[in-house]
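Engineer: Here is what each chain is made of, one letter per residue.
Number of protein chains: 2
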Amino acid sequence: MKAILLFAHGARNPEWAGPILAIRDAMRARRVAARVECAFLEFIEPLLAEAIDRLVAEGCNEIVVVPIFMASTGHTQRELPLLLDAARVRHAQLQLRVAAPIGEAASVIDAIAQYALEA
Amino acid sequence: MKAILLFAHGARNPEWAGPILAIRDAMRARRVAARVECAFLEFIEPLLAEAIDRLVAEGCNEIVVVPIFMASTGHTQRELPLLLDAARVRHAQLQLRVAAPIGEAASVIDAIAQYALEA
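So the sequences go chain by chain: A and B.
If you read the first sequence in this note's numbering, its first letter stands for residue 1, the second for the next number, and so on.
If you read the second sequence in this note's numbering, its first letter stands for residue 1, the second for the next number, and so on.
Extracted from the complex, chain A is given alone in its bound form (with noise of 0.2 Å):
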């Protein structure tokens, strides 16, 4: 079973956590055959570990993360893999890879690019 994990910086009110979870349930809301869930580098539960974790419990053997970031950070670049590297050494069947941040694809700019002209 595959599994999407839009994985977000996180913040110390946890409402800062509503427009992840709106993404997550617009997936749902197409009906995917992949699992959709979120995660957390900080401050909102689930962190990432845990969220994988219980992922592959559930039966999960390919996990794609999707960041929930503008721009490749030190957040993406540096602790993003080492979480990850963490996660292939308890899990080494399972299939985990990291897409681009949001704000490399080019319709997720245009996008905001509309949005913002409207505004």
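Heads up, a few of these hints could be off.
For chains that are exact copies, the list does not tell them apart, and a pair is met inside one copy or across any two.
To be verified - The list that follows gives simulated cross-link-like pairs (lysine to any residue, SDA-like), each with its CA atoms no further than 25 Å apart:
id	residue 1	residue 2
1	Lys2	Glu118
2	Lys2	Asp110
3	Lys2	Val56
4	Lys2	Tyr115
5	Lys2	Leu117
6	Lys2	Ile44
7	Lys2	Arg12
8	Lys2	Glu15
These are calculated hints, taken from the structure and not from any lab test.
Here the structure is a predicted model, which is why all the values come from computation and not from measurement.
Using the hints provided, position chain B relative to the given structure of chain A.
Structural biologist: Positioned in the frame of chain A, the structure of chain B alone reads:
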């Protein structure tokens, strides 16, 4: 003259600004009447105050600030209003307003959801 100011966090690595500049360029490519510029909270120039002052000096009398943040956080809920209040003191005639952050726009949520599904 109206201006749209894309307001993003900024990071120590100047490459972080790439997606923000890409949004600006996508907007300019649509040949809108408004000026489109970027400004940052920290690390990357121009900072917000400098960007506003420059637009006013160049003849803008209306500025819409679009927060390129997924969610309302301390940055958009506490720091941004203070920066805008200070700008209103410096420029009493300026029409200055703030749009909702991009993570509250359904069209942006949908575009991110679609990207994540295809990732």
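Engineer: Does each hint hold? Answer for all of them.
Structural biologist: Going through the hints against the structure:
In this homomeric assembly, Lys2 and Glu118 come within 25 Å of each other (Cα to Cα) only across copies, at 13 Å, whereas the closest approach inside a single copy is 37 Å. Taking the closest pair of Cα atoms, Lys2 and Asp110 come within 25 Å of each other only across two copies (21 Å); inside a single copy the shortest separation is 28 Å, beyond that limit. For the homomeric pair Lys2 and Val56, the shortest alpha-carbon distance inside one copy (10 Å) is at most 25 Å, but the shortest distance between copies (52 Å) is not. With identical chains, the CA atoms of Lys2 and Tyr115 are at most 25 Å apart between copies only, with a shortest distance of 16 Å across copies and 32 Å within one.
For a Cα distance limit of 25 Å, the shortest separation of Lys2 from Leu117 across copies, 11 Å, qualifies, whereas the shortest one inside one copy, 37 Å, does not. Within a single copy, Lys2 and Ile44 get their C-alpha atoms as close as 23 Å, which meets the 25 Å cut-off; across copies the closest is 39 Å, which misses it. Within a single copy, Lys2 and Arg12 get their C-alpha atoms no closer than 30 Å, and across copies no closer than 35 Å, so neither meets the 25 Å cut-off. Within a single copy, Lys2 and Glu15 get their C-alpha atoms no closer than 28 Å, and across copies no closer than 32 Å, so neither meets the 25 Å cut-off.
Checked against the numbered hints listed earlier, the structure breaks hints 7, 8; every other hint is satisfied.
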